[in-house]
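**Q** Use the sequences and the hints to build the structure in full.
Chains as they are written, first to last, in numbering that gives the first Met the number 0: chain G, 0 to 369; chain E, 0 to 369.
Just so you know, these hints were derived from the structure itself, not from any lab.
Keep in mind that a hint or two might mislead.
Which copy? The list can't say, so a pair holds if one copy fits it or any two copies do.
Said to hold, decoys possible - 27 Å max Cα-Cα, derived DSSO-like pairs, lysine-lysine:
id: 1; residue 1: Lys182; residue 2: Lys321
id: 2; residue 1: Lys339; residue 2: Lys40
id: 3; residue 1: Lys224; residue 2: Lys137
id: 4; residue 1: Lys224; residue 2: Lys339
id: 5; residue 1: Lys59; residue 2: Lys46
id: 6; residue 1: Lys46; residue 2: Lys339
id: 7; residue 1: Lys163; residue 2: Lys222
id: 8; residue 1: Lys46; residue 2: Lys182
id: 9; residue 1: Lys59; residue 2: Lys182
id: 10; residue 1: Lys321; residue 2: Lys40
id: 11; residue 1: Lys163; residue 2: Lys182
id: 12; residue 1: Lys341; residue 2: Lys163
id: 13; residue 1: Lys341; residue 2: Lys40
id: 14; residue 1: Lys59; residue 2: Lys116
id: 15; residue 1: Lys46; residue 2: Lys321
Number of protein chains: 2
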Amino acid sequence: MQTISDLNTPERILLGPGPSMVPSRVLQAMAHPLIGHLDPKFIELMKEVQELLRYVFQTKNQMTLPISGTGSAGMESTIANFIEPGDAILIGVKGYFGERLCDMADRYGAVVYRLDKPWGEVFYPEEIDAALRKQPVKVVALIHAETSTGALTPLEGMAGIVHKHGALLLIDCVTSLGGIPMKIDEWDIDIAYSATQKCLSCPPGLGPITVGPRAREALHRRKTKVANWYLDLTMIEHYWGDERTYHHTAPISMNFAIREALRLVQEEGLEARYLRHLANSELLWDGLQDLGLRLIVPLEYRLPSLTTVAVPEGVNEVEVRKRLLDEYNIEIAGGLGAFKCKVWRIGLMGYSSRRENVVLLISALSRLLR
Amino acid sequence: MQTISDLNTPERILLGPGPSMVPSRVLQAMAHPLIGHLDPKFIELMKEVQELLRYVFQTKNQMTLPISGTGSAGMESTIANFIEPGDAILIGVKGYFGERLCDMADRYGAVVYRLDKPWGEVFYPEEIDAALRKQPVKVVALIHAETSTGALTPLEGMAGIVHKHGALLLIDCVTSLGGIPMKIDEWDIDIAYSATQKCLSCPPGLGPITVGPRAREALHRRKTKVANWYLDLTMIEHYWGDERTYHHTAPISMNFAIREALRLVQEEGLEARYLRHLANSELLWDGLQDLGLRLIVPLEYRLPSLTTVAVPEGVNEVEVRKRLLDEYNIEIAGGLGAFKCKVWRIGLMGYSSRRENVVLLISALSRLLR
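**A** In structure tokens form, the structure reads like this:
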């Protein structure tokens, strides 16, 4: 076979839906020489990662840990553990990731009730209430920040409705955690999952989750084995719990990385971080509108970490993205599913959410769309 | 919450069952600034990783790729994709990881036929032939190098028997790939999985797999959806195939790392690498026997990447390991399952397989056991 050359990739400015840019401190921590996954020093580090995750999730949940796969594995872990064959789940679908939840739930034998709205819209508690009055379920699953549309579903008051109907509330906060308020305990959310490569600015490879007491009880009341060995929380809780019983080998370097990324979140402070994400997105929104571009999502529920903008009539959307990448080293993304070829998706997440990146992107776009 | 300090872990000499030590070039590649997972440059890199994996697996199988989880996820991917509810599987159990395969297969609805032998033994083709004559199955699963016992099951002639009975041969080569001959095409193995943190000396976080044409046909003939979304090869084949259709976000930094680790394998050459692993293990075996220690596995099928040694009567095995770690920064492991408290497990894998590590370990052990 041919010889494969030294790694030599361009320095990209990552303004897509993830991965976001990773601060040097995180890259350096990831490159730290390895220790064993059962080393007492690694076990201390696991505790620290959990403590830092509790901080960013704003929770006291003991079962707060990084699943050893990317965000989609985190997502699947919540379905696999809280759905048994025949369990009913209500899934709010108004974008790509709601669809994915339906696909996953179906594979675990759930009776899936979909609540559909057009892409780009959001759900309100009264809609969930109406749906649950018609059809009780075990789990209600909603996407907080829909990465495919840039819409943010408000969660205050949601759990009260869901709990009134005896269900568990499962929330996707992949594109919100660490960039937008996400208050697990205050909002009384039972189960949530996220990813590392969005607002946490850590490389992809871990799926942080948190599980509250109601959900944990439901897990322990299961009648069947979890239909997924790798993601089985009844075993993982003993690995990430006090016993540290071997289950699988944790991705050690990724845990070095997330620890450092979360330390950076803590150093900045959650409130300051939320404000930074919002301020830079407002700058972006103004800049895009000044270019005559139309934002897809109304301000009322527009997501500060990911913005969808309509591709203007007559513009080749792929060509613009290609030129941004080739001529400016800037990555933005196109649309998925119903939004394919219709929108660009611009992420300002974590370390990518910087004033200089916004101004550069607006300037580059203005030249390309001229 | 309290402030969490800078990452500061000791420099360990990793001589356990994995992770092995990671060369600086691999750590540096992993710390390379990120590019997007759909960036044309990353797509080139995916091709390179696949080509390098084909080299180390000694295969032309198109479906050769790293699963985005640790070795256990690679293991589960092979069960999830090649087992449908009601399918029969024959699993050879003579250690911990055979047990794990049974657990996984059961979760996917397999009819599991176990072939049990005492821990530390291996299977021969005639035993598999006899079992298949009694009970035909769809898949025969065997562990090549059993990490819990240090025994190496010889695979030459195995596939002929399995194929004669119309079954697929599935092989765990977690602790062999890159350190011991593993000839997928020559030995006609249908499905194999491995891990990165053993003889490849890459941090844990990916599960390399390879799937041959017979197995790929079986995958495409499935009547039911794969019961695991994250590991569904019918979708992953389009992400790692020519279409590069988005499935999940690949762990980008881990792919940088495995590319570099595999380049190092290629630079050394497989034959030289196998010889190095064997020579250093022979040095270890001699040294252990000179200390009066008993090796568990007979030379005939003793694994050159992982050695099990009996804990001498009256010695506190945990205390010895603790002192090796605290006083010498050397990690070795204890036993699992049937071997708990009875053996030490010493790994000489990848970059850990060096003469200086062997000599140091023997010397440290001799002081501690004096």
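**Q** Up to 27 Å between alpha-carbons, please classify Lys163 paired with Lys182: within, between, both or neither.
**A** Within one copy only: 20 Å inside, 59 Å across.
**Q** At most 27 Å between alpha carbons: which applies to Lys46 and Lys339, within, between, both or neither?
**A** between (42 Å within a copy, 26 Å between copies)
**Q** Quick one: Lys46 to Lys321, C-alpha cut-off 27 Å, is that within a copy, between copies, both, or neither?
**A** For Lys46 and Lys321, only the inter-copy Cα distance (21 Å) is at most 27 Å; the intra-copy one is 43 Å.
**Q** One pair to classify: Lys341 and Lys40, alpha carbons no more than 27 Å apart. Within, between, both, or neither?
**A** Between. Shortest inter-copy distance 25 Å satisfies the 27 Å Cα cut-off; intra-copy 50 Å does not.
**Q** How would you label the pair Lys182, Lys321 (within, between, both, or neither) given a Cα cut-off of 27 Å?
**A** Neither way: Lys182 and Lys321 sit 38 Å apart in one copy and 41 Å across, limit 27 Å.
**Q** Is it within, between, both, or neither for Lys224 and Lys137, if the alpha carbons may be no more than 27 Å apart?
**A** both (17 Å within a copy, 23 Å between copies)
**Q** Given identical chains, is Lys321 near Lys40, meaning Cα to Cα at most 27 Å, within a copy, between copies, both, or neither?
**A** between (45 Å within a copy, 12 Å between copies)
**Q** Regarding Lys59 and Lys116, is the shortest C-alpha distance of 27 Å or less found within a copy, between copies, in both, or in neither?
**A** neither (33 Å within a copy, 46 Å between copies)
**Q** For Lys224 vs Lys339, is the C-alpha pair at or below 27 Å within one copy, between two copies, both, or neither?
**A** between (39 Å within a copy, 26 Å between copies)
**Q** As a check of your reading, is Lys46 near Lys182 (CA-CA no more than 27 Å) within one copy, between copies, both or neither?
**A** Intra 21 Å, inter 41 Å, cutoff 27 Å: intra-copy only.
**Q** I want to check one pair: Lys339 and Lys40. Are their C-alpha atoms no more than 27 Å apart within a copy, between two copies, both, or neither?
**A** between (47 Å within a copy, 22 Å between copies)
**Q** As a check of your reading, is Lys163 near Lys222 (CA-CA no more than 27 Å) within one copy, between copies, both or neither?
**A** Intra 24 Å, inter 40 Å, cutoff 27 Å: intra-copy only.
Of the numbered hints given earlier, the model fails hints 1, 12 and 14; all others are met.
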